[in-house]
Amino acid sequence: MQNKSHNPIAHLTPADIEQLGKELDAIRDRVVASRGERDAAYIRRVIATQRKLELGSRAVLLFSLFPPAWVVGTAGLAAAKILENMEIGHNVLHGQWDWMRDPKIHSTTWEWDSVSPADQWKHSHNELHHTYTNVIGKDNDLGYGIMRVDEDQRWHPMHLGQPLWNFVNACFFEYGIAAYDLELGRNLKKGRHRDPGFRARARAVGRKIRRQVLKDYVLHPLLSGPSFLSTLAATFTANLIRNLWTHSVIMCGHFPSGVETFAKTSIEGETRGEWYLRQMLGSANISGSRLLHVMTGNLSFQIEHHLFPDLPSNRYQEIAPEVRALFARYGLTYTTGSLPKQVASAWWKIIRLSLPNRRATPAVEQSPAPALTAG
Amino acid sequence: MTSTVTRLPRTAALRDRLLRLAGAVTTPLLPEDYLDLIDPLRSGAALRGRILAVTPQTRDAATLTLRPGRGWRGHTPGQYVRLGVDVDGVRQWRAYSVTSVPGRDQPITVTVKAIPDGVVSTHLVRRIRPGTVVQLDQAQGDFVLPRPVPRRILFVTAGSGITPVMAMLRAGAHRDADVVLVHSAPTAADVIFGAELRDLAAQGAFRLVERHTDAAGPLTADQLAALVPDHLDRRTWACGPLGLLDAVEAHWAAHDRADRLHTERFRPTVVAPGEGGEVTLTRTAVTLPADGATPILDASEAAGVLMPSGCRMGICYGCVLPLRQGAVRDLRTGAVTTAAPGDGVLIQTCVSAAAGACDIEH
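Sequences listed follow chains E and B, in order.
Each residue of the first sequence is one higher than the one before, counting from 304 in the working numbering.
Each residue of the second sequence is one higher than the one before, counting from 1125 in the working numbering.
Simulated from the structure, these hints should not be mistaken for lab results.
Backbone N, C-alpha and C define an ideal beta-carbon position, used for all residues, glycine too.
Check each hint, because a few of them may be wrong.
Facing chain E, according to a computed beta carbon distance under 8 Å, are these residues of chain B, among others [stated by the list, open to error]:
no., residue
1, Asp1157
2, Gly1213
3, Ala1349
4, Tyr1441
5, Leu1470
Some residues of chain E that are not near chain B, with every Cβ distance over 10 Å (derived) [stated by the list, open to error]:
no., residue
6, Ala313
7, Arg495
8, Pro499
9, Leu526
10, Ile544
11, Ala631
12, Ile653
13, Asn660
So here's chain E without its partners, still in its complex pose:
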C-alpha cells in the first residue's frame, strides 16, 4: 500500500513556495515573450499534416475491401484522429494558440472530432480539472466519478468492478468524456434531468453524436460503395484505437504512483505559488521519442502542461529541463517514466484500489492529503 502519511512539502517554508512561484512565473513570461513565427508555423504544419493524413486515409479506405488498403487506411485514420484530438484539439481548446489572433485556430471557434461538444469540454476540463487539479471532491478527473484512484477516496462495493469499468471506458472513451462533461451520473441521480440547462446541454451532445456517427458510420461507408462494411469496420477500429490511446495517455497524467492528491480544505486561500506546487505534485510525465510527444499532444509533459496550460504545446519539451531542475532544487519528486511503465502503474493502482485499504489517517475524512500551508 502506498504510504501517504509523509508530507512531500514539509521541508518548504511559505517563503520558499512564493519564491518557487516567482521562478515559474519567470519561465512563463520568457516563453510568452518569445512566442512567434516559429510556433505559428509549427501548429499550421501539424494541422495541414493532420488534414492531409485524414483525407488520404479516407481516400484509401474507399477501397477497403482490398485488405492492404484496409490496414493502411485504418492505421492512417487512427493516427489522424489521435493528432486531431491530442496535439491539435486539446491544445487549441486550451487557448494555447489564441495569441495568433487567427479566427480559424482559436479556442472560441474550434470544434473537434469527438462526441463531446467543445464548449462543454472546455468547461469541465479547462475550468474544473485545471483549476482544481487532484482535489478530492472537486476534480472529477480523479477517477471520472466512477472509479477509486486514491487511497483517500471512500471505498464502495461498486469499486470491485472498476478494472472492468475502466476497460469499457477506455474503449468508448469519447462517450465517457461526453457523459462526464454532462455530469450525467450526478445529474440523473439528483433528478436534474428536467433542468432546462442540463437538457439543452444533453441535446447539444445528442446533435454532436448524430453528426459524428453519420460521418463515420454512414456517409464514408456509403461513399465506399461495395466496401461499405469494411470501411465501417475500419472507422470503428480507428475510433477504438484513438480511444484506447487517449485513455492511456490521460491515465498516465494523474493516476500513476507518485502523484499526490489534495483535500478540499487544503486549497482555501491558496496562493499562486501553492497552486503551482499542487500542479507539480499532482501530475506525471511520460518519457519517450519526439513522435510519442506529438502523438500524446505533448501531454507526455503533463507537469509542464499543468503548470502552464495555455503555453504552446511545442514549448513544453523546451522548458522541461528547466522545470525538472527546479523540482530538484526544491527537493520535489518529478514523476516520470516510459509509457508502458506508467500505463502499468496506473492500471495497477486501479486494480489495487478496487479493494478497500486501510486509510493513513482514518479519523478524518479526506484530510491526509498534503496540506499546502507548510509550517
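Following the hints, position chain B against chain E.
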C-alpha cells in the same frame, strides 16, 4: 422568363443541399478547411491575396503587388483595403489605399511606408516575401471622385497620403478635369511615386507642387492659399498626417467651404495606453469606469453585468470576449493589447485591465 425564375431557386436549393452533405462528410471541419489546403484563393473562400512582388519605392516605402482571391469585387480609385498579415505569428490588420487602376482579373497594388516602430508597415516593407498569402477585406471608403468628375480639382497630400490620389491619377482623373496636386515630403527622394508624378506633370497632365519639408518646413494653410489662389473654388481631396488635415479642415471651415473638402485620415485612432478608462460593453449597452488594476471581468460584474467567466486566473479562456477598440493591459505581464475600430481582438477579461477607453463586444 418564368422558367428562369423557377430554375434559379431550384439550383440554389440543390447547391445548398450539396453543401450540407459535404459539411456532413467533413464535420467537425468545414469543406473549406480542406479546400484551403489546395487553393486558398478560390472563389467562395474567405478573401485572401497572394503577394506577387515587393518593389522598393523610396528608402522607406515599397509597393506590394497582390493577386486577390476570386471573391474580390474590385475597387474604386481612392478606396482602401484592409490587409491581415501575420507578423511574428500574430495576425495584424491594417488599412492601405489601393494604388492600382481597377481592372478585371488584374493584380492590385498597395504602397506602404515603413513608419518607425510600425510593426506591420516595417514587416511589409522590409520582410515580407513574394508567395506569402495575406488576408483581405473588400475595398471600402468614400474618399473617391464623384461621377461626373468635377471640372477643377485640388489634391493636398503628404507622405504616404499620396497613395489614394495616385490611384485616381492613374485612372485618369486629370483627363476630365483641371488638376492641381500639392504634395509634401521630407526631401525630393522621399516623394513616393516621385518619378511618375514628375513625368505626368511634365507632360502637362496636371500642375504638381512639391514641398520638401526638411528644407522648407511643414506646409501652412496660408502658404497653400498663396500657392493655389483659387483653392477654395476647387473640389479638394486631402490625405496625410493629422496636423495637415486639421489645418486644412480649419481653413476650409473658416471660409465656409467645408462641403467642398474631402479628407482621409490614415490612422484615425492612435491608442495611447493609459491607466484605466471607460469600458463600454457594446451589446449590453453598459459603460462603466474601470481602474488600471482591476480585471475588466471584475469591474463589469461589480457593475451588475452578467459576464462569461471561468477560472479567473487566466488559464481556462472561458471569459474571452472581442475587444472592438481601445487598449487593455495584461495584469500578469503588463503587455498592452490595442484594437482599432473594426478589429475584434479576443482578450481574456479575467486578467486584462482597461488601459484607456475600450469597447468590448458583449
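Here is how each hint holds up against the structure:
1. The interface hint given for Asp1157/B holds, since its Cβ lies 7 Å from the closest Cβ of chain E, which is under the 8 Å cut-off.
2. At about 3 Å, the closest approach between the beta carbon of Gly1213/B and any beta carbon in chain E falls short of 8 Å, and the interface hint on this residue holds.
3. Annotation: interface hint on Ala1349/B violated; nearest CB of chain E at approximately 46 Å, more than 8 Å.
4. Of the supplied interface hints, the one on Tyr1441/B holds, with its beta-carbon coming within about 3 Å of a beta-carbon of chain E, less than 8 Å.
5. Among the interface hints, the one on Leu1470/B holds; its C-beta lies about 6 Å from the nearest C-beta in chain E, closer than the 8 Å criterion.
6. With a closest Cβ-Cβ approach of about 26 Å to chain B, Ala313/E is found to remain outside the 10 Å limit, as its non-interface label requires.
7. Residue-level check passed: Arg495/E sits 22 Å from the nearest beta carbon of chain B, beyond 10 Å.
8. For Pro499/E, the shortest C-beta to C-beta distance to chain B comes to about 17 Å, beyond the 10 Å cut-off, and the non-interface label holds.
9. At roughly 7 Å, the least C-beta separation between Leu526/E and chain B is not larger than 10 Å, which violates its mark as non-interface.
10. Non-interface call for Ile544/E relative to chain B: holds, since the shortest CB-CB distance, roughly 19 Å, exceeds 10 Å.
11. Annotated as non-interface, Ala631/E keeps its C-beta farther than 10 Å from every C-beta of chain B; the closest such distance is 25 Å.
12. Against chain B, the non-interface label of Ile653/E holds: every CB pair exceeds 10 Å, the least being about 28 Å.
13. Annotated as non-interface, Asn660/E keeps its C-beta farther than 10 Å from every C-beta of chain B; the closest such distance is 33 Å.
Hint compliance for this structure: hints 3, 9 are not met, and every other hint is.
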